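We have chain A already, so just place chain B on it with the hints.
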Amino acid sequence: MGTPAVEVEEISRVFEPRKKPEVVALDDVSLTIPPGEIHGLLGPNGAGKTTLVKILSTVLLPTSGRARVLGMDVVDETKAVRPQIGIVFGGERGLYWRLTGRQNLEYWGALYKLSARETKERTQRLIERVGLAERADERVETYSRGMKQRLHLARGLVGDATVLFLDEPTTGMDPLAAREFRTLIAELRDEGRTILLATHDMVEAETVCDRVTLIDRGKVVATESPRTLGRVISRFQRIDAEGVDGTVLDEIRALAGVSSVSEVEGSVRIEVDEEGATRVVLGRLVDAGATSVRTSLPSLEEVYVQLIGDRGLEV
Amino acid sequence: MRAFLAGFGLEARMIRAAPEALIPLVTAPLFALVFLAIVRQSGRPDLQADALMAPVLMTLWWVALQQAGTMITGDRWQALLEPLIATPASLASVLLGRIAALMCLGLVSFFEVWAAGKLAFGVSIPFEHPVALGLTLLVTAFATAGVSVAFAAVFVLTRNAYTFTNSLSYPLYLLGGVFVPAAILPGWIQPVSSAIFMSWSADLLRASLKPPPIDDLWQRLGMVVLLGATSFLIGRAILFHVMRRLRANGELAAA
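Line order of the protein sequences matches chains A and B. Residues in the first sequence are numbered from -16 upward in steps of one, following my numbering. Residues in the second sequence are numbered from -14 upward in steps of one, following my numbering.
Bound conformation, chain A alone (with noise of 0.2 Å):
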């Protein structure tokens, strides 16, 4: 195997805020992204996502540990990472509102060395790419959230970065605009460039990422494929059927590692939390004519509130 795009190891970072209790929001966290990879960093409000992204666009260092971009260091090699990378921060900040889109993406060109000839043309292209065509001579102050967010993708991108760090990028996007933003970013896949993307969308996760690390409270709770994760909780497994009567519902429901039993608009979903659980139900489903009968992992959503739990709006 070559140089990994992104590799971190045992990287902690810990905040000493003046007159409170120090924050650990990194703690020995491990993680390794191959070339052309998308992947997704999963977790809750707090869980040291945009703190372990900072760190590897070189704007955060970490209190230890070492992290590397494409072989070089994010602490010592800073000056040789930063050609390397794009990064968009989430949120409607960091972008000259009194300018217009173009002026901002043709000063942050500038700043990755580009001749003012490659800064109008990279420019150009990146407005249009990011459907900004018809406002791009507007003021940034005049744009919507989404469109905000499409010119912060636009910057991210104007360094022609082989390593993007995309934190919360499709917040305030609209759902067609989130869905084309997912296929630019496997556009951005195709051209050979890695993507670590910090989200709370599953949707966008599951959909766009080859991995995902989930992460909660600064620890990793497991990296793998979106769909592996899944399998990871098979024992979660949920059947649908239909075509079964009350009383084969009502044995079901009494077997043990059935969790629960409900019907839904004519259907029953009967969801099992023990290995094993599927088979005999399924045998019972069968047996007692079920007219359709499907099983089905967990979607990634699932598996989040399954390992992380569900913590309501607690951070």
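Among the clues, some could well be false.
Some chain B residues flagged as far from chain A (calculated, every beta-carbon gap over 10 Å) [said to hold, decoys possible]:
no., residue
1, 72
2, 92
3, 164
4, 204
5, 215
6, 233
Reference listing, derived: stretches of chain B covered by chain A, where coverage requires no fewer than 3 residues with Cβ under 8 Å from a Cβ of chain A [stated by the list, open to error]:
no., stretch
7, -7 to 1
8, 52 to 65
9, 73 to 84
Note that these hints are calculated values from the structure, not bench results. Computed from a prediction, not measured in an experiment: that's the story for all the values here. Note that CB positions come from ideal geometry on N, CA and C, so glycine has one too.
Below, chain B alone, put in the same frame as chain A:
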């Protein structure tokens, strides 16, 4: 050089987009008229040229403190500092480019006070040593830019940079000999004044508007450049350490 030009271009566009950046150009001719009125009322027409030069220096200083000095702080509050630091560009070069654009703006005040004096009192700037005058204005703008980099770096560490910028203006006008030559200040202040490039600039500007030949012109110009360059180098070193500290503390972006 590309980073310098990027910074220059950015600031030039910001000035065009934000009319409040032009406030010093509104106040400069007004100050010129006030000072002219005072020296004329006092029966000192020989000081009219000095009265015209003081607002030019004040404008450069004001721009250095208020706009350049708070540049990094402003970017930090708008979450622009993190993405800037993550680019390959040198922060000091970008900053110097932006400040250079502001200095060009500040120099416009020279033409304003000239016009204001002429229109209001029929007083013109006496171009006795035009080359020396031009060179002095240029090296003054250069040195002010150098000092501004140091201000910008130090002000990031303060909770409220605007308090410092407001309270620093007038002591610096005084120590820099902007209104009156530093030579007439109390003796114990003069060593401090000599370390401030503006006192050299102000003396040179006044000398370039009077008929007698200017003593040690090149040495005095060199002193302005030296003090400005030293300030820039110190500012760049402070900037490096401040940025390192902000990266270590996780404070590059203000909440």
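Hints, verified against the model:
1. Consistency note on residue 72 (chain B): stated as away from chain A, yet its beta-carbon is not over 10 Å from all of that chain's, at 4 Å minimum.
2. Under the 10 Å C-beta cut-off, the non-interface status given to residue 92 (chain B) relative to chain A holds; the minimum distance is some 23 Å.
3. Even its closest Cβ contact with chain A, about 35 Å, leaves residue 164 (chain B) beyond 10 Å, as expected for a residue assigned away from the interface.
4. Every CB of chain A is more than 10 Å from the CB of residue 204 (chain B) (nearest about 38 Å), matching its label as outside the interface.
5. The claim that residue 215 (chain B) lies off the interface holds: its Cβ sits roughly 25 Å from the closest Cβ of chain A, which is beyond the 10 Å cut-off.
6. Against chain A, the non-interface label of residue 233 (chain B) is violated: not every CB pair exceeds 10 Å, the least being about 5 Å.
7. Note: the stretch -7 to 1 of chain B has 4 residues with beta-carbon separation from chain A under 8 Å; the three-residue rule is met and the coverage holds.
8. Check on the stretch 52 to 65 of chain B: 3 of its residues sit with their Cβ under 8 Å from a Cβ of chain A, so the three-residue criterion for coverage holds.
9. With 3 residues bearing a CB less than 8 Å from a CB of chain A, the stretch 73 to 84 of chain B meets the requirement of three and the coverage assertion stands.
Consistency with the previously given hints fails for numbers 1, 6, ordered from lowest to highest.
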